[in-house]
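> Assemble the complex: chain A is given as a structure, and chains B, C, D and E must be docked to it using the hints.
Chains as they are written, first to last, in my numbering: chain A, 1 to 351; chain B, 1 to 169; chain C, 1 to 308; chain D, 1 to 673; chain E, 1 to 290.
Hints are computed from structural coordinates only; laboratory data are not their basis.
Note that the coordinates shown come from a computational prediction; the quantities given were computed from them, not determined experimentally.
Any given hint could be a false lead.
[As the list claims (entries may be wrong)] To give a feel for the contact side, a few chain D residues facing chain A, derived at Cβ under 10 Å:
no., residue
1, Pro32
2, Lys618
3, Leu671
4, Gly672
[Unchecked claim] No more than 27 Å apart at the CA atoms, straight line, and that leaves these computed lysine-lysine pairs for DSSO-like:
no., chain 1, residue 1, chain 2, residue 2
5, D, Lys486, C, Lys183
6, E, Lys202, D, Lys618
7, C, Lys183, D, Lys394
8, D, Lys234, E, Lys70
9, D, Lys110, B, Lys122
10, A, Lys75, D, Lys59
11, E, Lys96, C, Lys111
12, D, Lys618, E, Lys153
13, D, Lys486, C, Lys241
14, C, Lys215, D, Lys486
15, D, Lys621, E, Lys202
16, D, Lys621, E, Lys153
17, C, Lys215, C, Lys142
18, B, Lys122, D, Lys394
[As the list claims (entries may be wrong)] To list a few chain E residues with every Cβ distance to chain B over 10 Å, as calculated:
no., residue
19, Arg10
20, Ser13
21, Ile87
22, Gly245
23, Asp270
Note that the Cβ used here is the ideal one computed from N, Cα and C, for glycine as well.
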Amino acid sequence: MSTTTFIRTEDLKGLVADLRAAGIGVAGPARTSDGAVDYRSINAFDDVVLDGQPRNSLKQFFLPPTEPLFKYQRKGSDVAILEISTTFPPRVILGARPCDAAAVDVLDKVMNWDYTDEPWFGRRAATTIVTFACPGGDRSCFCTSVGLAPDATRGSDLLLAPAGDGYVVEIVTEKGQALVTANAKRFGAGAGVEATQAYRDKARASVEGHVPARPDVIRAWVDAHFEDPFWAEISLRCHGCGGCAAACPTCHCFDIVDEPETLTEGTRRRNWDTCQTSVFTAHASGHNPRNDQCGRCRQRVNHKFAIYPARFNDILCTGCGRCARTCPAGQDVTEILTRIVAMATGQGGAA
Amino acid sequence: MDATTPAVAGGFEPRITAFVCNWCTYTGADLAGTSRLQMASNVRIIRLPCTGRIDPMFITKAFERGADGIIVSGCHPADCHYNAGNYHARRRFAIFRELMDFLGVDTGRITFSWVSASEGGKWRDVVNDAVTRVRALGPFTDYRKLVVDPVATATGVVPPEHVGKEVPA
Amino acid sequence: MKIGYFPGCSLHGLSREYEESLKAIVAGLDTELVEVDDWSCCGASSAHGSSHLLGVALPARNLAIAEEQGLPEVLAPCAACYARLASARHEISEDPQLAGRVNNVLVRDFKNTVRVRSILEVLKGQIAGIKARATNPLKDLKVACYYGCLLVRPVQVTGGYDDPEDPSSMEDICKAAGAVPVKWNRRLDCCGGGLSMSRTGSVVRLSAAILKDAKAAGADAVVVACPMCHSNLDFRQKAMKHRGAWEGDMPVLFLTQVVGMSMGIDPKTLGMGRHFVSTDSVLARTAGTGSGSGTGTNSAAAVAGEVG
Amino acid sequence: MARIGVFVCHCGENIGRTVDCHGVAEACKDVPGVVHSVDYKYMCSDPGQQMVKNAIAEKGLTGVVVAACSPHMHEKTFRRATAGAGLNPFLCEMANVREHCSWIHEDREKATVKAVDITKTIIEKVKRNVPLNTIRIPVTRRALVIGGGIAGIQAALDIADGGREVILVEKGPSIGGHMSQLSETFPTLDCSQCILTPRMVEVYQHPRIKLYAYSEVESVEGYIGNFKVTVRRKARSVDEDKCNGCGACTQVCPNKKIPSEFDCGLGKRTAIYVPFPQAVPNLPTVDRNKCLLFMNRAKGRPDTCKKCADACAKGAIDFDQQDRLVTEDVGAIVVATGYQLYTIGKDQPKDNLKGYGEYGYGTIPDVIDGLQFERLASASGPTSGKILRPSDGKEPKRIVFLQCIGSRDPQKGMEYCSKICCMYVAKHTMLYHHKVHDGQATVFYMDIRAAGKGYEEFSRRAIEEEGAQYIRGRVSRMWREGDVIKILGFDTLEGEPIEMDADMVVLATAMRPQPGIDALAQKLSVSYDQHGFINEAHPKLRPVETNTAGIFVAGACQAPRDIPDAVAMASATASKVLGLFANEMLEREPTVACVNEANCAGCFHCERVCAYGAVEHKDIKDRAGNVVRVIAYVNPGVCQGCGTCQATCPSKSVELQGFTDEQIWGEIQALGV
Amino acid sequence: MTELRELARRLLSEGTVNAVLGWEEGPRGARPAFVTTPEGADTLIFDHRCVHNLASYLSPRRPHLKRLGKVAMVLKPCDARAVAGLIRETQIPRDKVVLIGVRCGGVITDPDSTAPLTEATVADRCRGCPDREGHLADHTVGTAGPGFAGPSKRAQKIEELAAAPAEKRWAFWQSELEKCVRCHACRQVCPMCYCDRCLADKTQPRWIESSPHARGNMAWHVARAMHLAGRCVDCGECERVCPEGIPLGLITRKIAQVVSERYDFRPSDDPAVPAPVGTYRMDDPQEFIL
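The following block holds chain A by itself, in its conformation from the complex:
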């Protein structure tokens, strides 16, 4: 599908009001109590803040930090399971960033790999993602180096790019079309895609060149340098806090725990986890195959740029740069990737 339509800013406001009135949840980038911008539930389009990248990603809309899977009850030696529904009411995410929308699509692969993850796809089915073309990033952005772009449509149902008194709407999916159709009065004729070209070019220019666009080179080097001293060097700085994984739109590892609530009842939950901590790989025996931060730092790069590509032919990174922005110790993925490319192409080595 590649039809376009147009929505005026006024109608966008009306659209949010209409959706809310219809009982459909709407989320978008909005201000939090501590002054940051997060994707969160909104009441009106005026809540939406389009400047700057939201602190969190869209990941938690599909994989919440904690999620009950089922509840169990024991009586004597019997165990009863109480299922939890995986059907979800409809909702719309408005103002997603292309890098965040793409991440959801990247994750669909692992979530539908050997087993279809019901809660994930339950939420996916219920959610329409309305993406706004990115106005441009900062020095940590590198979406174009991982095959995406500030105006990429991957993972989006609709892609909006500003033009005149509104937005040119690219209808990307059936779900997107359905949203337009259901709210047809809010959409109408207007400028075409070409009117947004300058906007898109400017955005693209702002993110290019931060990391060489050589994912193949990176993958090959990482595959071949498991024991390279480079990993030990970069891990010196790392606290192992996992802030990068929490902020990352594609880090999706989780832990499954049983939480007893009484003697006989409890809940099985899955919670976010991260490969950056030692307990992630700790064995019950006490042995830990990834026993220092060196291995953990390597694992993160390895998984994103070599393992995932090998298994799914896709990079587990959308170049959003959040890990660099959030790192309390100044670890920077653009620096790491740039150095890897340099080492691989013979233009530098580990310091």
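Positioned in the frame of chain A, the structure of chains B, C, D and E alone reads:
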């Protein structure tokens, strides 16, 4: 209404967990028993060797498990069977109590006392006062509400989107 | 160093020389005195005898003002003022109810944060400075350091900056100024205090015993840090003689004057001429202490005559 | 999977009246892990216990819960029954549904609900119990006694007479302590040395007492039953094997003007000296700070004076003798280091002490302290028992005693009462009046504390029969005029100030522990109070034990004590030591803490909160023997099982057996709704 | 800065240390640096953006000391309190690290900010900080500004909260703590959190539920506050690194106030000063105990 008066039908009966030391308060509670001192039946005692053994985590866990109130009780200063366990406990719980207060827990729910092995009567008073106080404060629903029961979720009473940390949208 | 300063009535009246000498020496000790704004009576002598609350509230008012001025500590050179202010601070800190009542009376939000310092405590902290600036060390001056009753007692109120029964700070300060403190016995005895007018006989008996002991110990002068003590020991020497209780002249100096002399400050600036018993003998012993020894003893005697 | 048996007792009607015991047993059947749940009239009866034993055998129980009375009542009973059936006794616990439930509630329904809850908590605990074994520790059956005063002598003799070897370590050249300095003792006025010296000789001759005089404890390692003590035997410069105690050396020493410690500075001694004629051991000691030879050596000059060596027929003088360190294994330690008197002068060892400069001690020669008066009154003293002024040797006709100097004075001295002063001042007035018939003794006092057998009678006698004048009040100042001491004080009964003259003044100064007690206490890991007195384990019930197992305390190092108190304490410690030595192995309840070595971070918070010094540092080494981590280790012989360490441990890497986190977590869990 | 670089170069070239831990200019502002060669010393910087508490890197949880051997660390006066804490708790041997004290007049909060150090931008913990140089250092270099006076904004917020009714405080903290995703960055970055196996990671028993729901979060933050009571050095790193912006400093600061008021204790850079928890006085206040 004193603590031993049965509550009106359907009225709130607080659940109180008491962490007490073996040598003074537990024995004092034994004495209350042998003296047949009648008291409210809302308190469940967990016996520890010493107040020094009581970890603040016991208290948060008891709240998590639905306790409406807590009693921590041990030997009077200078009477500790282990010399100093109660002194360490006193500092620990002075800080813990201020922390709880700061986090918005009504500290009326947490009673600290020194009850010696000879103070059966004091133990009864501590129990009855705590029950009366917590009964007035009502059930500690704030703590219980921290996690919505997923059974209610499963039966459709609460949509799963509102469980736990999920961002509602 | 900046420190609050509570002069009290004596330092602006009876004992101007105490203030004059104090101000003269603090300049040399890098200390700035910040006078408490609009200070009032400390409550000594009469207030605490008539109403306990008044006796606390009056000094508390002065401390409250000092607190509002942002002064962490206040120097009260007069021993009686010091005792009243320090007692008020102590009582209020010990008794929250009293604190509430005092705040009601004052209509101020007094937090009782101001520390009260005696002249001994302040100068004791400056001993190194006094030593360093003693350009005219008083080598030949034997002094009997007289503490009286209020300067170091009671220890709960003073905070124990000196031993209440066997103090040494005044001796240490005088030593820093180069003077030679004598060993004597009556340095904590009562001088008769505020009974100077009402029971002169008692004051004469008590003060004369002090002077005699100082003389027997070989002192050239008695050093005090209290306007009332000074008045009894200095001004009443004439009455002592009248009553046959005392012979001779014993100069009575303020501690600040002793320090001032060691710094080579002009005797006039130090108010040495304001005493009833001439300080000429002292000045003669401390050769090099300025030349302008116009001590004005006569005029003081004339005043004494008027009073007498 | 746990297989728990629940046994609910009716206790006749005691529980059954208000608790539906059958209902409780039925309710427990639904608890996961419970395979057997019954109720019975009297569980503690033989048939009741047999029910437990049978169920263990027949149902293969892994845990037993008896819901009955307080564990303080019958825990031992049921654990014994459990053990009798071949199950580890620590897998049995009691749920207290009598004292904590049926006896204190009347509403049957509520009491039953509560009884179910109580039983369920214990079920959850027992599910998490693990078998524990009584701890057995070997005991070295020899004792160390530190301090050779009357307390140390008594303790050493009692232990030795009880058949065990004793090492007695005394800091000074002779044993005997302060008691050997006293003239007569209250309230009987019997001669101190007459009763003491035979005991000293007994120590010296006892086959089971090894006396290390002129020695100090250098270090202590180990724990109850297994201490390793290093003793520094200071060099006397005299070969004790050769010396026959003839005393010729002391006769020829040219330096005869050294103030004698034994005579409190009132007499003189030589540089090589025996502190007093009855000293044990009767060996001279060279005071290397005062001996001319050593003073010359210190200045790098050649040895000159060797008169003592020349005079010694045995060749026993050895100027090159060195300190020796000897190590002894002992199973118990008695601390009996005694006291010193409060320093009256201006220079004080601690900031909070101010001294009493206003009394002129040290500047007025005729102001002395109580021990100095003892020496004046002693027949063996510097004046041969005559009361004479140190200044001019005249007999004082007016003598004044001041009580509570340094005692009961939080501002300048100690808060506590020194206990013995009232009595010895009364004794002093009597001794004075006996010796100076025309003299007058006056006492300034705060109270007379004469609690003791014959004590009140004694002090009344001093006042009423012997004519001592007692003035209630304190002295503010004293000074000397001519050869008279002027005293300024206050009589609080008359309400009048007092000025009086005296020829001599005796200050009854406070008792303080010996200097260096804090260092010794730290070596021993025993606690001491802010004054330095050793803390007893319990003020009422364990008065001679310290908080460190195997270390006991006797005499005035624990608190001010008079002789009978010190002796009684010493005998009490001996009985404790002999009790400890009754068996070759020491058995302990296994409720002790245990460190999880894999998780311990080595922060040693546990060590800081342990009142018993049970936490030790343990090196974890790699294969090459390098220390890679230092972690905590809890010595099970020392641990008393309070569990404060576990609550303090941030990572919960130390667990108190029998009250583990897992067990308590289970109990809390059982109460969940 | 020249002084610092010279010293670092000397220590490295003379072989006194194998590495110098300090700060460098990274892609996003100042960041921790690990200099292992004398030439590398020129990359060292110190300015008001050097907010990180490097003492965290000395904690035994890190391999650095083991891997790098003897190291030198650049030390702000406030970080000295953390190093002292680690020495006090026998976590680092004093002789294994050379401490290069830098004089400090305050830092800002964001190492990537271009803002100058002013009354408006200074980090809250620096307000009222009396220390211009640490007392623990082996060498002290640089110059310091005059520092900043209080009052701390956190202290004001604490007072404000304390004055509010308990329900308001509860609501405030629930709204904050529900944001927590239990990444444990606060723990990882804390110099005083060094256990090999954190209580929060233990499952037998599970005192602290690992789920980032409000109940687990409450347990975690209560445990963290209690474990840091009397040990927290108020470096503010936990709050700075929190990806959800939870004002964790309010809790640690509040506890520090309690400890200070009740036990007259302030974090000290003297390892010999005992921590208040683990000690006691027989006359400790006990007004809350019946």
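> Regarding the pair lysine 202 of chain E and lysine 618 of chain D, is the alpha-carbon distance no greater than 27 Å?
holds (23 Å)
> Would you check whether glycine 672 of chain D satisfies its interface hint, that is, whether its CB is within less than 10 Å of any CB in chain A?
Glycine 672 of chain D check passes; min Cβ-Cβ to chain A is 4 Å, inside 10 Å.
> Beyond 10 Å on every Cβ pair: is that true for isoleucine 87 of chain E relative to chain B?
The claim stands: isoleucine 87 of chain E keeps its Cβ more than 10 Å from every Cβ of chain B (closest is about 23 Å).
> Is it true that the CA of lysine 486 of chain D sits at most 27 Å from the CA of lysine 183 of chain C?
holds (15 Å)
> Can you confirm whether the C-alpha distance between lysine 621 of chain D and lysine 153 of chain E stays at or below 27 Å?
Measuring from Cα to Cα gives roughly 48 Å; hence the hint is violated.
> Beyond 10 Å from every Cβ of chain B: is that where the Cβ of serine 13 of chain E lies?
Answer for serine 13 of chain E: holds, closest chain B Cβ roughly 48 Å.
> Do the alpha carbons of lysine 110 of chain D and lysine 122 of chain B lie within 27 Å of each other, as the hint requires?
Measuring from Cα to Cα gives roughly 22 Å; hence the hint holds.
> When you look at the beta carbon of glycine 245 of chain E, is every beta carbon of chain B farther off than 10 Å?
Given that every Cβ of chain B is farther than 10 Å from that of glycine 245 of chain E, nearest at about 15 Å, it holds.
> Quick check for students: does the CB of arginine 10 of chain E sit more than 10 Å from each CB in chain B?
holds (45 Å)
> Hey, does aspartate 270 of chain E actually stay past 10 Å from chain B on C-beta?
holds (21 Å)
> Can the restraint linking lysine 618 of chain D and lysine 153 of chain E be considered satisfied, given a maximum Cα separation of 27 Å?
Measuring from Cα to Cα gives roughly 45 Å; hence the hint is violated.
> Taking the closest Cβ pair, is lysine 618 of chain D under 10 Å from chain A?
Hint on lysine 618 of chain D: violated, closest Cβ of chain A at ~18 Å, above 10 Å.
Violated hints, listed in ascending order, are 2, 8, 11, 12, 16, 18; each of the other numbered hints is respected by the structure.
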